[in-house]
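Undergrad: For the record, the sequence lines run as chains X and W.
Its first residue numbered 142, the first sequence is counted upward by one per residue in my numbering.
Its first residue numbered 142, the second sequence is counted upward by one per residue in my numbering.
Just so you know, the hints here were simulated from the structure itself, not pulled from any lab data.
There are no misleading hints in this set.
A short list of chain W residues far from chain X (calculated; beta carbon distances all over 12 Å):
| # | residue |
| --- | --- |
| 1 | 222 |
| 2 | 233 |
| 3 | 298 |
Below, a list of computed lysine to aspartate or glutamate pairs in the EDC-like style, where the Cα atoms sit at most 16 Å apart:
| # | chain 1 | residue 1 | chain 2 | residue 2 |
| --- | --- | --- | --- | --- |
| 4 | W | 232 | W | 216 |
| 5 | W | 157 | W | 216 |
| 6 | X | 232 | X | 263 |
| 7 | W | 157 | X | 171 |
| 8 | W | 232 | W | 219 |
| 9 | X | 157 | W | 171 |
Nothing here was measured: the structure is a model prediction, and the numbers come from that model.
Every residue, glycine too, gets a C-beta built ideally from N, C-alpha and C.
Number of protein chains: 2
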Amino acid sequence: MTRMQPIVDFILELDKLKAVTRATRPLGLDRYENSAEHSWQIAMLAVSLEPFAPGEVDIDRVVHLLLVHDIGEIDTGDTIVYAEDGWEARKAAERAAAARIFGLLPGAGGAQLLALWQEFEDAATPEARFAHAVDRAMPALLNLANAGQSWREHGITHARVVARIGPPIRAGCPALWSYLEARLDQANRAGWFGARDGAAAATRISQEP
Amino acid sequence: MTRMQPIVDFILELDKLKAVTRATRPLGLDRYENSAEHSWQIAMLAVSLEPFAPGEVDIDRVVHLLLVHDIGEIDTGDTIVYAEDGWEARKAAERAAAARIFGLLPGAGGAQLLALWQEFEDAATPEARFAHAVDRAMPALLNLANAGQSWREHGITHARVVARIGPPIRAGCPALWSYLEARLDQANRAGWFGARDGAAAATRISQEP
Numbered sequence: 142m143t144r145m146q147p148i149v150d151f152i153l154e155l156d157k158l159k160a161v162t163r164a165t166r167p168l169g170l171d172r173y174e175n176s177a178e179h180s181w182q183i184a185m186l187a188v189s190l191e192p193f194a195p196g197e198v199d200i201d202r203v204v205h206l207l208l209v210h211d212i213g214e215i216d217t218g219d220t221i222v223y224a225e226d227g228w229e230a231r232k233a234a235e236r237a238a239a240a241r242i243f244g245l246l247p248g249a250g251g252a253q254l255l256a257l258w259q260e261f262e263d264a265a266t267p268e269a270r271f272a273h274a275v276d277r278a279m280p281a282l283l284n285l286a287n288a289g290q291s292w293r294e295h296g297i298t299h300a301r302v303v304a305r306i307g308p309p310i311r312a313g314c315p316a317l318w319s320y321l322e323a324r325l326d327q328a329n330r331a332g333w334f335g336a337r338d339g340a341a342a343a344t345r346i347s348q349e350p
Numbered sequence: 142m143t144r145m146q147p148i149v150d151f152i153l154e155l156d157k158l159k160a161v162t163r164a165t166r167p168l169g170l171d172r173y174e175n176s177a178e179h180s181w182q183i184a185m186l187a188v189s190l191e192p193f194a195p196g197e198v199d200i201d202r203v204v205h206l207l208l209v210h211d212i213g214e215i216d217t218g219d220t221i222v223y224a225e226d227g228w229e230a231r232k233a234a235e236r237a238a239a240a241r242i243f244g245l246l247p248g249a250g251g252a253q254l255l256a257l258w259q260e261f262e263d264a265a266t267p268e269a270r271f272a273h274a275v276d277r278a279m280p281a282l283l284n285l286a287n288a289g290q291s292w293r294e295h296g297i298t299h300a301r302v303v304a305r306i307g308p309p310i311r312a313g314c315p316a317l318w319s320y321l322e323a324r325l326d327q328a329n330r331a332g333w334f335g336a337r338d339g340a341a342a343a344t345r346i347s348q349e350p
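Sequences are here, hints too, so could you generate the full structure?
TA: Spelled out as structure tokens, the structure:
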């Protein structure tokens with residue numbers, strides 16, 4: 142029992158990720174999605190996108206990266222990708238959180254999970270770049286199926302979306318960006334983005350540099 | 142774009158798993174958990190339990206089994222494990238649902254995911270047995286941290302829990318059952334289970350054979 146208890150403590154700590162809410166709503170639901178169900182969905186998206194992954198990508202490791210990548214949010218909460226100020230401070234706080242939470246797991250297990258979390262953050266391996274592409278694409282895919290829900294709620298323009306998610310998606314999964322770029326153009330013509338100077342953007346999201 | 146669209150259709154269909162609710166509540170939240178966030182949590186539990194997995198178990202495949210195992214519930218909803226009647230009919234409905242949903246994915250991808258789903262159902266490989274152990278243990282671990290919440294809400298007795306989850310957990314991960322058996326005994330002494338003839342059991346859960 143003494144060797145099992147730290148694992149139980151760890152998995153119960155992870156339960157808190159179910160309470161971390163994101164900017165995107167699940168399709169057809171009034172509530173916002175949480176980071177736990179998001180992590181499941183992007184793991185499934187990575188598996189589904191395997192035919193479009195660059196040849197050297199190990200999908201099993203991508204899945205592990207995606208399962209752990211948001212766990213730091215248990216202490217910090219989710220931050221919409223379009224927030225510009227304070228990014229470094231938030232990342233440092235997430236890093237401290239990840240060290241605390243994965244530190245609950247004894248032996249090599251916690252260190253391995255923290256290394257996966259850091260690999261995602263560094264975005265320096267093909268797996269981490271593919272994982273970033275998948276993570277950035279998913280809320281866009283939900284918005285494209287939901288009349289631009291979070292873009293409109295937060296006053297995010299088409300140009301801003303393209304500038305923010307285009308480079309990482311293109312870097313990690315070029316075919317996915319080719320698809321999304323065309324869909325985002327269609328959505329722009331449909332008026333599914335925030336206005337350039339939307340009040341929501343001014344109050345909820347800090348100014349771009 | 143034409144090759145990418147079926148993958149997008151598939152991942153948006155999977156979004157519906159976020160709306161499938163289970164009998165267990167996340168710790169500290171008023172709502173019930175959904176099968177999407179549950180799938181993420183048990184994938185993390187499997188990874189964390191790797192030191193206690195039987196030697197031949199491939200944890201990467203366990204993670205894949207757990208990520209897909211509840212997807213049939215998109216059409217059928219979740220059924221508490223203590224429901225006894227109609228199990229075969231529900232399983233047939235879930236099988237049809239899995240075939241429909243994984244059939245959205247073109248090429249080999251959908252067939253591979255359906256094969257994983259079926260492998261979990263069959264529980265004939267060490268990976269599937271380990272996955273079952275993890276899946277059955279997680280709601281018990283949440284209940285043990287939550288004063289027996291779903292056991293009490295549904296009037297499930299200690300004997301019934303032991304009879305239902307003991308064999309699959311022991312078969313897939315003996316060390317996990319040794320731990321849980323002792324914790325369940327403690328919980329029984331604490332009064333965290335339903336009474337033998339609880340009204341909730343009589344109305345919501347069918348009779349044991």
